[in-house]
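Asker: Single-letter residue listing:
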Amino acid sequence: MHAWLAARMPAWAADLLTAAWYAALVLLVLYYAFEPQAEFRYERL
Amino acid sequence: MSATSIDWLLWMAGTVALYWLAPARWRDGLLIALSALFMAVYDPLSAVILAVFTTATYWLARPEPLPGRRTILIGSAIVAVLAFFKVAAGLRHEGADEAGFLADVAIPLGLSYYAFRCLHYLIERYKGTLPAHGFADFVAYLCFLPTFIAGPIHRFPAHVRDRHAKEWSASNLSEGMERILYGYVRIVVLGNYLVMGVFGGWIATLGPDQAALAAYLTMLRNGFNLYCQFGGYSDVAIGFALLLGYRVMENFHWPFLKKNISEFWRSWHISLTSWVREYVYMVVFATLRRPALAALSSMIVLGLWHEISFRYVVWGAYHGAGIVVWQAVQRLRRRGPEVTNVWARRALDAGSILLTFHFVMFGFALVHEPDLGAAMRAWGLVLFWWL
Chain A
1 MHAWLAARMP AWAADLLTAA WYAALVLLVL YYAFEPQAEF RYERL
Chain B
46 MSATSIDWLL WMAGTVALYW LAPARWRDGL LIALSALFMA VYDPLSAVIL AVFTTATYWL
106 ARPEPLPGRR TILIGSAIVA VLAFFKVAAG LRHEGADEAG FLADVAIPLG LSYYAFRCLH
166 YLIERYKGTL PAHGFADFVA YLCFLPTFIA GPIHRFPAHV RDRHAKEWSA SNLSEGMERI
226 LYGYVRIVVL GNYLVMGVFG GWIATLGPDQ AALAAYLTML RNGFNLYCQF GGYSDVAIGF
286 ALLLGYRVME NFHWPFLKKN ISEFWRSWHI SLTSWVREYV YMVVFATLRR PALAALSSMI
346 VLGLWHEISF RYVVWGAYHG AGIVVWQAVQ RLRRRGPEVT NVWARRALDA GSILLTFHFV
406 MFGFALVHEP DLGAAMRAWG LVLFWWL
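Sequence order for the protein chains is A and B. If you read the first sequence in my numbering, its first letter stands for residue 1, the second for the next number, and so on. If you read the second sequence in my numbering, its first letter stands for residue 46, the second for the next number, and so on.
Read the hints as simulated data drawn from the structure, not as lab findings. Where a beta carbon is used, it is the ideal one built from N, C-alpha and C, also for glycine. Everything hinted at is true.
Here's a subset of chain B near chain A, in silico, CB distances under 8 Å, partners left out:
1) THR49
2) LEU226
3) TYR229
4) VAL230
5) VAL233
6) VAL234
7) TYR238
8) GLY242
Distance ranges between label pairs, derived from CB positions:
9) GLU35/A x VAL358/B: 33 to 43 Å
10) ALA3/A x LEU258/B: 38 to 48 Å
11) GLY179/B x PRO10/A: 50 to 60 Å
Which residues of chain B face chain A? A few of them, derived with a C-beta cut under 10 Å, are:
12) SER219
13) MET222
14) GLU223
15) ILE232
The shape of chain A in the complex, shown without the other chains (with noise of 0.2 Å):
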């Protein structure tokens, strides 16, 4: 994603998206970590 932005806008500002970018999803992650998780039945296979 990085590469894609740089070539579109300066540097400092793909960087900054970037980081914001990774910085949403990983908060994401985290707080809908604690819902109820699905079984994931794939590995019992």
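Got chain A; can you put chain B on it based on the hints?
Answerer: Relative to the frame of chain A, chain B by itself:
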């Protein structure tokens, strides 16, 4: 053991850290030792079966060229062990009275995946296409921790290539971390929260007068959830493999946007479908010269890989029949006039994607519903919603 468990994350993070901190000459041995320890801790039975599979397959398949009879014998033994656990799984699901002691038999962790890896190695050994390798290469391939629990069913030549070529790379690290993060987003945020939580919760609010809509949306929910869970898990496995310097084959490629069922099966669980294409479809086709029979038999094998039960035979036959019909449609289209208008072409493509998507979703109902009767009732509700 689940991809979202803390145990799994700690094992993988610890494995990656120890792997790169260890001196280069110890790394391969360390990775094998950590994988073996993981199996011994979480599923000792699976560790024993894998140890027997590994030693027996390697030593019995050593002669070069490998005789056909010996190949069939070793392959049959692997299939027999796999079939035993798959039959038990089928009987347990159906709650059969005659299941007896089989009702308590759980499938060892990762068995279906490493059994098919063993068969792949055996067949390629018979064909004489494998690169030069030793016992350690084979053990490292079968015990590879990132793909051990739920695939992808990667191939031996690529694994050996990466094993001998790997070195620390910042781009692998960044790509691997990104894949792991996207994988967890798919599992936790898209699958568990949005599809099962929000969308599933909304379906549950539909009243009895909207039973047809609820049945239809439940099909979609199950299909999307399976894609998010399994696709997400594959991302995590591919990501961790990258962190260790290995590039494992992709398992999914936008399967719900495909224009026909053949394309769908080339983009869903790619490592398994390509296995079945190479070792079942091509063999049946080369022997009988009947593409329809080859498609049908390979899809039934694909179904039985999941579980040896009537519902998975039906599911496999359903998809096999879909491919046979698609092959016939292709033959007819070649004879007819070509659609040249851009808008007509786009409309045809959109219609094809929708048709393929619904064919697959209806197929999932065959295995997600408790039994075939329930699946037929769900189909009936959706297809004859006005009644």
